[in-house]
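> One-letter residues, chain by chain:
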Amino acid sequence: MNIWEIIIITVIKIGAILTIMLLTVSYLVYFERRISAWIQSRLGPNRVGWEGILQPFADVFKLLLKEDISPVAANKFIHGLAPFIAVFVAFSTYAVIPIGPDVTIFGYSIQLVVADVNIGVLYVLALTSLGVYGLTFAGWSSGSKYSLLGGIRSSAQMISYEVSMGFSVGGVLLMAGSLSPIAIVEAQYGWMWNAIVQPIGFITFTVAAFAETNRLPFDLPEAEPELVGGYHTEYSSMKFAGFFLAEYANMIIAAGMIVTLYLGGWQVPYIDKLGLGEIVTALMQVGSFFVKMGAILFFFIWVRWSIPRFRYDQLMNLGWKVMFPLSLINIVWVAALIMIFNL
Amino acid sequence: MNLELIIFIVLALTGAISAVGMITRPNPVISALFLIFNFFALAGLYLLLNAQFISIVQIIVYAGAIMVLFLFVIMLLRTGEEPKLFSEKKHIKYFAIVIAVLVFVQLGYLIFYEAPSEYISQRVQQSMEAGTIENIGQQLYTTYMIPFEAAGFLLLAATIGALVLAKKNFE
Amino acid sequence: MPINSSEYLQILPFLILGLGIVISTLFEMYYKNSENFLPWFSAILFLVTGAIALTGLHDQTVLFGGMLAAGGKSAIFHFIFNLGAAIVVMSSVNYLNKYGANFGEYYILLQSSVLGMMMMSAARDIFMIFMGLELMSICFYVLAGINRKKASANEASMKYFLLGAFATGFIVYGIALIYGSAQTTSIDAIVNNFSALTDNVIFIVGFAILLIGFSFKIAAFPFHMWVPDVYQGSATTVTGLMSTTGKAAAFSVLIAIMTAIFSENIPNTFVDYFAALATLSMLFGSIVAIAQDNLKRMLAYSSISHAGYMLIGLSAGNESSVAGIIFYLAAYAFMNLGAFAVISVIEGENDSNTELNAYAGLNSKSPVMAFFMALFMFALAGIPPMAGFFGKYYVFIAAIEADLTWLAVVGVFSSAISVYFYLRVVVYMYFKESEYDFIIQKNNSGMFAVMVSGLLVLVFGILPDTLLTQILSVINY
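Protein chains in written order, with the working numbering: chain A, 1 to 343; chain B, 1 to 171; chain C, 1 to 477.
Mixed in with the good hints there might be a few duds.
Unchecked claim - Simulated restraints on C-beta separations: (1) B:Leu102 x C:Gln441: 24 to 34 angstroms; (2) A:Glu5 x B:Gln138: 32 to 42 angstroms; (3) A:Gly277 x B:Leu3: 48 to 58 angstroms; (4) B:Leu5 x C:Lys149: 30 to 40 angstroms; (5) B:Thr142 x A:Met238: 32 to 42 angstroms; (6) B:Tyr94 x C:Thr405: 35 to 45 angstroms; (7) C:Gln183 x B:Tyr94: 31 to 41 angstroms; (8) B:Leu102 x C:Tyr420: 49 to 59 angstroms; (9) C:Phe413 x B:Ala162: 38 to 48 angstroms; (10) B:Ile23 x C:Glu401: 46 to 56 angstroms; (11) C:Thr405 x B:Leu48: 54 to 64 angstroms; (12) B:Leu102 x A:Ile338: 46 to 56 angstroms.
As the list claims (entries may be wrong) - From the structure, some residues in chain B lie toward chain C, with a derived Cβ separation under 10 angstroms: (13) Asn2; (14) Leu5; (15) Ile9; (16) Tyr62; (17) Gln106; (18) Met128; (19) Ala151; (20) Leu154; (21) Ala157; (22) Leu165; (23) Lys167.
Derived by calculation from the structure, the hints in this document are not laboratory data.
Model, not experiment: these values are computed from the prediction.
By construction, the Cβ of each residue, glycine as well, lies at the ideal position given by its N, Cα and C atoms.
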């Protein structure tokens, strides 16, 4: 493969991932509304198209047509920049999450990941930690107290939960002996899923993922009853849509990371023993990745509509006094497993 | 001009411009934003030098954690008084200029007279391997085991110190 | 290179102190009245660590691929640090209670700072020096401001932190240049190639910057700005710790990195630097101290001049001068700690009774305190047969051996000046009427600390040879 072929293949991959992401985000919003309606015995959006299936497009058009307001007290430049930071960070994270094994298409062997970086997990952690800037800058630049409080809350919350997130990932890295997401997926062959081997790490990572994506029960940066809309109080039109997009994209990434790190990624246990063809196997594996991701996303929505919001001190206590020690215990547990069973 | 040089120039320019922007903006939040850009440019330069670990840690630790805390503090403080500092105390400015000139002279000397690339280039392979995460891990747990453990105590002491200074129940 | 786990046995003092820190932290977390228990635990911990360090005195090795040294000079330094810290702990309990700042964390930070000093003195690699230095300094920054209610303590802490961070910046910059030119951080490698390396301008610049950074830490003259305010504002016991063991730790590093000059026949490149620093520090400290009415501030300036005397040893740069410096550091540690312990006992609330006036007629209020204070003042002034005299004596002799007679003369001159302000305290205590009444609170542990340091000062003064022969026996390795 020469350099141009590599570039073209990468561009195609990026395009495919972006399309999938955008579609998933819009339908995630739709599903969230339908599922929440179902949980609360309501109907939810069911008018635009069959069972409301075109609702996301209607929403996007509505947001596009709204007037873009930036407040007088706002710092215009940063006010405009903040949603872009949020969206940029959310989308670029997806580059390292593998959605399937290597496949051969038209004679090219293609990895089903945009970039196979050998420090992929660190890359995800780095970008997640940057995601906070979108929220913080949005909160500060709006020139509103509610926004500022939301922004400050988000920065403290992100930093606190990043710690336990990083330490939970430590257990996964110990098992795989690599930072490459592909190697981590491959290390979970069969039923050696990390969720089964290290359940504590799975729980701490999932909780941290909720906090990092600002989802209920940890959505304090936007806490409607206290802060109006939190960091995006002063945003409207497409800038607001940017935050909306980033939030759901972050959810998808979190789900993708949970699947990759703990649920065996695209692995279907012992599928290679069935003797199916290469294409069928690959399709089933890619399908399994999306099924797992869908399950996690459903779990995200389910939790949001079932558990009330934490108070801020409870959030901090949970982060530092429960999740952080638990993630340390997880590392010791994994290290002990490795030592005893020579994994 | 190969790709690497082009990327280097872009990153170096970004770094330099954002550094100047960082020290010239009167608004501390904007300064912080420029500093974050600077960290990114620096991380990119590290990546060009094949030091992936340093590069990513630069982003995680500096851009992702330290600067967030900085912003946290800056946003909570009223920083209206800041711009006066340099206009009122001229000698600080002169001192800063002197220091900057000294550092520049020294860097210039290093680059043009010491020619570090001459003996570094012989060890390209070695330095390529040095930056990988495997190598850093190996070194950290063998040769630099003791400093690593010492760093643990350092962080413990710093944490306890911060807690003491922030202690609530001071009778 | 892989680490042989048996090497851990040879750094037993580190392990014990480290374990002590962890245990203390756990105690502080889970036990409500930890501040009543931790002082005694720390005192015993320090004594045990110091004693174990001494047992390895003649067992000199370099461990962990050239990271740490065990035994020898470092063992003596470890002993000084730990004994000094034990004395500080004893005098701290009641002192901190006066301010309501008797936190368990105080003792954990004390232990950590001593661990840092021990790392500094045992380091054979610049990395370790830096780690130890930072561990010590960070603990000191916090300890200086442990009494958060007092404005001057906050000021002291902040000043110390900012200037200390500045000095650390210098040191790191110097280390970077040294690493860039020598391409190693191992002190042994640098020392062995010292004469070749000094041809390199970058190395010289880096080394000079490193020396400037450490001149801050030992409080030598042009880099002394932080000393008076910090020493006066900090908690008295903490001042005692940082003016003695902290200074000793910084000197141990200077001795280690200057070994090349001491052990081989290489011209002492930095003799002028050290001689100038020594002269200025001695004279400045002694002259300015005369004008001080606050005892803590006076001792701060005296600490600058003592740094000057010790620097004479560095500029002399031979084996006997190194032995002299170590002896001086030991002697200075206990006489200064003793003096600060007395101040901490006398000191009342809100910094009261640290003025010289409060010491007028002390003999009638507390004869024991007055006696020991007089003892420490005589020792600091360098009057035989106290330990301070022999410290200065050995250093001056070494200077004369190295053809630096003028420096020794300046030193003697400066000592003569310093006699004035040290003896003024004695005169106030014995020959002046008490100006105002105050009650010295009963303070048994503080009294004990004073007595132990007094005893040590006397022992070192009367039998200086016992210590000096031990130092000389381990000085070359």
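> Within 32 to 42 angstroms or not, the Cβ separation of glutamate 5 of chain A and glutamine 138 of chain B?
Once the Cβ atoms are compared, 36 angstroms apart, the range 32 to 42 angstroms for glutamine 138 of chain B and glutamate 5 of chain A holds.
> Quick one, is the leucine 165 of chain B hint okay against chain C at 10 angstroms, beta carbons?
Holds. Min distance 6 angstroms.
> Grab the minimum C-beta distance from leucine 5 of chain B to chain C and call the hint holds if it beats 10 angstroms, violated otherwise.
The hint is violated - leucine 5 of chain B has no Cβ within 10 angstroms of chain C, the shortest such distance being about 24 angstroms.
> Would you say the C-beta atoms of isoleucine 23 of chain B and glutamate 401 of chain C sit inside 46 to 56 angstroms of each other?
holds, 52 angstroms
> Looking only at beta-carbon atoms, does the pair leucine 102 of chain B, isoleucine 338 of chain A fall within the given range of 46 to 56 angstroms?
holds, 52 angstroms
> Taking 10 angstroms as the limit, does the beta-carbon of lysine 167 of chain B come near enough to a beta-carbon in chain C?
holds, 7 angstroms
> So does phenylalanine 413 of chain C sit 38 to 48 angstroms from alanine 162 of chain B, Cβ to Cβ?
At 46 angstroms between Cβs, range holds.
> CB of leucine 5 of chain B to CB of lysine 149 of chain C, is that within 30 to 40 angstroms?
violated, 60 angstroms
> Can you verify the interface hint for isoleucine 9 of chain B: is its Cβ closer than 10 angstroms to any Cβ in chain C?
Isoleucine 9 of chain B check fails; min Cβ-Cβ to chain C is 24 angstroms, beyond 10 angstroms.
> Taking the closest Cβ pair, is tyrosine 62 of chain B under 10 angstroms from chain C?
violated, 16 angstroms
> Let me know if the C-beta of alanine 157 of chain B comes in closer than 10 angstroms to any C-beta of chain C, holds or violated.
Since chain C brings a Cβ to about 4 angstroms from alanine 157 of chain B, closer than 10 angstroms, the hint holds.
> Could one say that the CB atoms of threonine 405 of chain C and leucine 48 of chain B fall in the range 54 to 64 angstroms?
Given a distance of about 58 angstroms, which is inside 54 to 64 angstroms, the answer is holds.
Taken one by one, the earlier hints fail for this structure at numbers 1, 3, 4, 5, 8, 13, 14, 15, 16, 18, listed in ascending order.
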